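Asker: The lines below spell out each chain.
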Amino acid sequence: MQKFISSSPEETEAVAEKLACTLKGTEIIAMFGGLGAGKTAFTRGLARGLGIDEGVSSPTFALVNEYSGKFNLYHFDMYRVGSWDDLYSTGFFDYQDNGIMIIEWSENIIEFLPENHITVTINTLDENTREIIIDGTNISQI
Amino acid sequence: MKILAIDTSASPVSAALLCDGRLLGEFYLNIKTTHSQTLMPIVSNLLSSGRIDINDIDVFAVNAGPGSFTGVRIGVASVKGMAMPLDKPCAGVSTLESMAYSLPYSDGIVCAVMDARCSQVYNALFRLNNSSVERITEDRAISIDELEKDLEFYDETVYLAGDGADICFQAFGEKLENVVLTPVNIRYQHAYGTAAAAEIMAKENRLCTPAQLMPIYLRLPQAERELKAKQEKLKKGEMQE
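Each protein sequence line maps, in turn, to chains F and Y.
All residue numbers for the first sequence refer to this note's numbering, where the first residue is 1 and numbers rise by one.
All residue numbers for the second sequence refer to this note's numbering, where the first residue is 1 and numbers rise by one.
Chain F extracted, bound-state conformation (with noise of 0.2 Å):
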């Protein structure tokens, strides 16, 4: 487990560009966080290290946006999603395996995440400050 501080926008999208470095192309990156807490601008940094020019957006009424870069990227809300069935019919399952997955408000998805994903968890402190937690993988080991 390995814990950041960051004090703006700026420096969340550089930690997860760190992570990015670290993919090798079908992980599955579970966020958790409130509203507010960064998990977009995570998404951007992860996005930018993977070679993505796109502008990242959330994802709140698509459900899902898919990038194209190193590898192909599938960004996930999970905001509306409160069953199975819910679940099951945004095609999470059939798009696991053919990229790498990250997951806003993956709190509404939990038990239904594969043993061996990547978690990030986003704290906000103050206004500014964020503790970011990434655990299951070692981003150091680039």
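Calculated directly from the structure, the hints in this document are not laboratory data.
Do not rely on the hints blindly, as some may be mistaken.
[Stated by the list, open to error] Quick list of in silico lysine to aspartate or glutamate cross-link-like pairs, EDC-like style, CA-CA up to 16 Å:
(1) Lys149(Y) with Glu177(Y)
(2) Lys228(Y) with Asp85(F)
(3) Lys235(Y) with Glu111(F)
Bear in mind that the values here come from a model prediction, so they are computed numbers and not experimental data.
Put chain Y on the given structure of chain F with help from the hints.
Answerer: Using the frame of chain F, we list chain Y on its own:
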């Protein structure tokens, strides 16, 4: 009777042409591309290579589930699209049943299993007897543990088929001596099995119109319950990580 059958219910994609019990041709790919891109070229090539005009097809068959959400929808929608303008009957075949129809070379039990994720499988059991296929259980979503308990009742050889066969064999293959893995060339669903099942359905008047054809989705009741319990816990703040 000419049957065009397709399967896109999981990772492989295949199409088969069956004419009065004879397999005229079959295309099969398992290359992790999207079925929406591979299926229609396969069907088109199969028909032209087999010198069959699509107007001469009597029955359009599809593995209508269980399976991948997207895959099942691609298969069912494609068959609807082909059958509707020609006003031809359709067969919505259970993916699990289609696997049993690929295997009737030996007497015993076929245990068709598809990986439904979350330690659950889609499963049905069939008895093979003199090359006929008899259904023992309905299609169901159960845990691998429950399936193991169920299989303890059978003394006959149990043939594991489907993309869940490997995980099941790892889980209980050593404990249950009568359980065997089928060889890879017949382990996974093939459109031939879909066509063979559809041929029986046609004889038994169990075909439907293109409009009636629907995807078959099975729920994971256990997974659903566990999720609810965990979400409750999270709300109460007992699972702060």
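Asker: Next, verify each hint and record whether it holds.
Answerer: Each hint, compared with the structure:
1. With a C-alpha separation of about 14 Å, the suggested pairing of lysine 149(Y) with glutamate 177(Y) holds against the 16 Å cut-off.
2. For a cut-off of 16 Å, the pair hint linking lysine 228(Y) to aspartate 85(F) stands: about 12 Å separates their Cα positions.
3. In summary, the hint linking lysine 235(Y) to glutamate 111(F) is supported, as the alpha carbons are separated by about 14 Å, within the 16 Å threshold.
Comparing the model with each numbered hint stated earlier shows that all of them hold.
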